[in-house]
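Next come the chains, spelled out residue by residue.
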Amino acid sequence: MPIGDVLPEISLTLGAVIIVLFATFTRQQQHHWAAVLALLTIALGAGLTLAQWDGPPQLTFSGVWALDGMAISSKLVVLIAGALVVAMSPEWMQTDRRHGEYYALLLFALLGVVMMASASDTMELVLGVLLSSVASYPLAAYHRGWAPALEAGMKYFLIGALTNALLTIGVVVVFGLTGNTGYTEVAQGLAGGSDSLALTIATACIVLGLTFKLAAFPAHAWMPDVAQGSPAPAAAFLTVIPKIGAAVALARFVSLLPPDVAWRAIVAVISVTTMTLGNVAALRQTDVRRLLGWSSVSQSGYALMAIVVMGVGDQALPALVLFLASYAIANLAAFAVVTYLRGRTALADYQGLVKNAPIATLVLIMSLLSLVGIPPLVGFFGKLMLFKVTLEGGYAWLAFAAAANTVVSLFYYLRIVASMMFANSRPVVHVLPGQWTRITMVIAGLLILAIGLGAEVLVEYTSAIGFAM
Amino acid sequence: MLGALVLAISCRWTEATARLFAIVVSVLPVLLLAWVWLQFDLQGALFQFVEEVPWVPSLGMGYRLGVDGIALAVATMSAVVFAASIAYPVNTQNQPRQYYAWMLFLQSVSLGVFLALDLLLFYVFFDLSLVGMFFLIGRWGHGQAQLAAFKFFLYTFCGSLLLLLAIIGLYLSVEPHTFDMRVLIEQQPLAGAGVTGGLVFLALMLGFAIKTPVVPVHTWLPQAHVDAPGPASAILAGVLLKMGTYGIIRIPFSMMAETFSRYALIIALLAVVSILYGAFVALGQKNLKRRIAYTSINHMGYTVLGIAVAGALVQEAGYARELALVGATVQMVAHGLITGALFLICGSFWQRTEEYDLDSYGGLLRQAPLLTAFAVLASFASLGLPGLAGFVAEFHIFVGTFGVYPWLAVIGVLGILVTAALFLQMLQKLFFGTMPQRWDQFEDLHATEWGVLAVLSAGFVVIGVAPQFLLTLIEASATLLVGGH
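For the record, the sequence lines run as chains A and B.
If you read the first sequence in our numbering, its first letter stands for residue 84, the second for the next number, and so on.
If you read the second sequence in our numbering, its first letter stands for residue 3, the second for the next number, and so on.
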């Protein structure tokens, strides 16, 4: 067994187990050391992943586990994003009695997402989705004494249970059609012709199952509640990280389908609907975290554009990873600011923030402008690549719809900016004590600018990635 | 030149409360550009003083700067208007540092737009200028400043996204893919590309038309102008609007000459509509600033008309087309200086009275002779009095137009008549007649104010009296561009 190929995943598992044990046997006041442990684990995992970078694209473990550019690069994005989430958490969680276990849950959820990104087998995919879901439900409802958190967790769980069941049904039907679960065999089986009704049902079920993790239409309804109700660092995690794994998993799955399923049209419709719905819903929000939740829905719609044109040009997958990375950084920076401001959420409370918390304001403005795609921030390059591959792939109408949506999104992002910059200030601004969140926020803000200016590195490294098939 | 940009960007962080510092920094690009002007080789290549640093080479984009005659003229004018606006006294609402920092930021990105030789870099600067202006209007504007800032940002961002899509379209059309303007100008990639070419062209023109603005996509302009602080309006009219027309020359005109000539007549018609619409609506305005804002639509209409005529591929009329292009560029420079001065004068009115209603004024001639003198001079320049810059520009444009579309020239000249009427009426209402009691305390211009205005006025008087130095510079490039096809 090529154990070496899954070393990053093993290290994540072991790290999580160690954290659980650590949290069991130490006093609550010491639990912030669990964050250090989690960071170390993630660093180890990222290092081991980097070591896999130079290898040729391949499938290991009898073809169920992909080790290709797409898997490795998305794994790195997930791990770095995970590290940012861990680093912004300690002060938020330090009053919680179960501070330590939180990091173990984060690591398990990360592991699930990594599995989604690497799965080259339908069973593996189900495993990844379920693991990340199961670990995420408690994260959403971590403050169990607080009604909105419970509501968020409940919604998340109910929608998750439904879509995960659908996903499993889809996987079973695919198995029935082809007699196999491995992607390579499934692709061969489907290419040979099969019952089109059954295949349509299977595709619909699996795509639906993945839209839940992506927070794309029609399984997006949990997103705003989770963004608003769950602990701010957990919201940062849930709005960003599962999305990365799910997008890669979706791309991997639809690339197996024969052309007569018209998956491009299906994904294109989901994409347009998602971005439009998210933006329209965000327009009148007066709650910043809810607004970020809806904006996150709309960003999923943009990401799907790259999947639509996958295989037409050779740059679609790099564009997907680049966009996801840029979105992850910007959104995490925004949530780091929210966390730093103790989860302050009503738009009215952000008035005149620039006078009391200039750095937080600056980071938040940069992250919002990056989400719009204003150059030279990192989000610009994500959007640029997306537009480029979409136009190249002949989907000019889709690029146009995305551009129109971007203008709409600018409106609600600007509402936050205007309220922070132009309105009169409130006298007192409560922020989290300590340095963890503050430093994370600053780092995320710097990354937005630095990666934007140094986009060359990202573009170059991702330019050749693809699937191992 | 690059140094000036870097300096402007880096210095704005260390800047103390010093307005003086901001002025010094803002004058630097003027001097550097003047130096480049002296060194510019009229017989040489189209683009000179090229600076190139790779930025994202795998996407074919780089930090490429350089000038041709047109860019140099417009950039120098922009730098002058910026320096003037920064030097002009304004109520910074206790945030002088931020105000001047945003001004310098805006200056550096605006110059970047005019100097960029890379499509994506052009877009980057183009977008950043929106961000800078948004904060200037929103923070230091008056009236419904936030609403105006919003409208401005959303409307023009809509245009710039169309622009981005079109830029990607152009980028994809050359092999190997590149954003380098020089390559694109040389290759004319989308000539004869049918529908794709038409769509890319439409997106480009819409993007620039919103910025320029050409009727019917001008509606963001009046409100943004009225609610912006005086110097910001001067920059908005003097510099930011030029990005639209400069963009038309630089991108669709140069890179898609064939497609441009196919649609030149439509563009010329729209330009004439803008000229007349701008003039008549301005005539109907009772608000001082709104009136000047609408004359901007009128004047930018002349520029667009000139460009459209220059792009019309009528074989024998080469000289007429060149004249029109030269006229369009001179009009950009002249309008920048003149309207910059007019908006600064508006700013002076607001500082003193917080009142823009024309009917509430009268008889200020005796109270404020200097203000009157400068306002009269600028208005006359704006309506195209011979001997001042506006005349040189409009003369070139109309002579050129006459050679290509004679009947459009005839209709367009009507615009000049109306403009003359509206400026004369404005002057009469402001400075003549009886003065209402409430303006007893009205002060005349302070030393800095009239100093700044004197510099701008000197600019358009010199161009009006001895335009040769400007014309030769622009002609060198215009010949290459028009004769190139």
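Warning: the hint list may mix true and false statements.
So the derived list for chain A, only partly shown, Cβ under 10 Å to chain B, looks like this [what the hints assert, rightly or not]:
#1 L241
#2 A244
#3 D397
#4 A485
#5 T489
#6 V490
#7 L493
#8 R498
#9 A506
Calculated Cβ distances over 10 Å to all of chain B for the following chain A residues [to be verified]:
#10 I242
#11 L474
#12 V512
I should point out that these hints are in silico values taken from the structure, not numbers from a laboratory.
We treat Cβ as the ideally placed atom computed from N, Cα and C, and that holds for glycine.
These are the hints, each one checked on the structure:
no.: 1; hint: L241; in the structure: violated, 37 Å
no.: 2; hint: A244; in the structure: violated, 40 Å
no.: 3; hint: D397; in the structure: violated, 12 Å
no.: 4; hint: A485; in the structure: holds, 9 Å
no.: 5; hint: T489; in the structure: holds, 6 Å
no.: 6; hint: V490; in the structure: holds, 5 Å
no.: 7; hint: L493; in the structure: holds, 6 Å
no.: 8; hint: R498; in the structure: holds, 8 Å
no.: 9; hint: A506; in the structure: holds, 9 Å
no.: 10; hint: I242; in the structure: holds, 33 Å
no.: 11; hint: L474; in the structure: violated, 5 Å
no.: 12; hint: V512; in the structure: holds, 19 Å
Hint violations for this structure: numbers 1, 2, 3, 11, all remaining hints satisfied.
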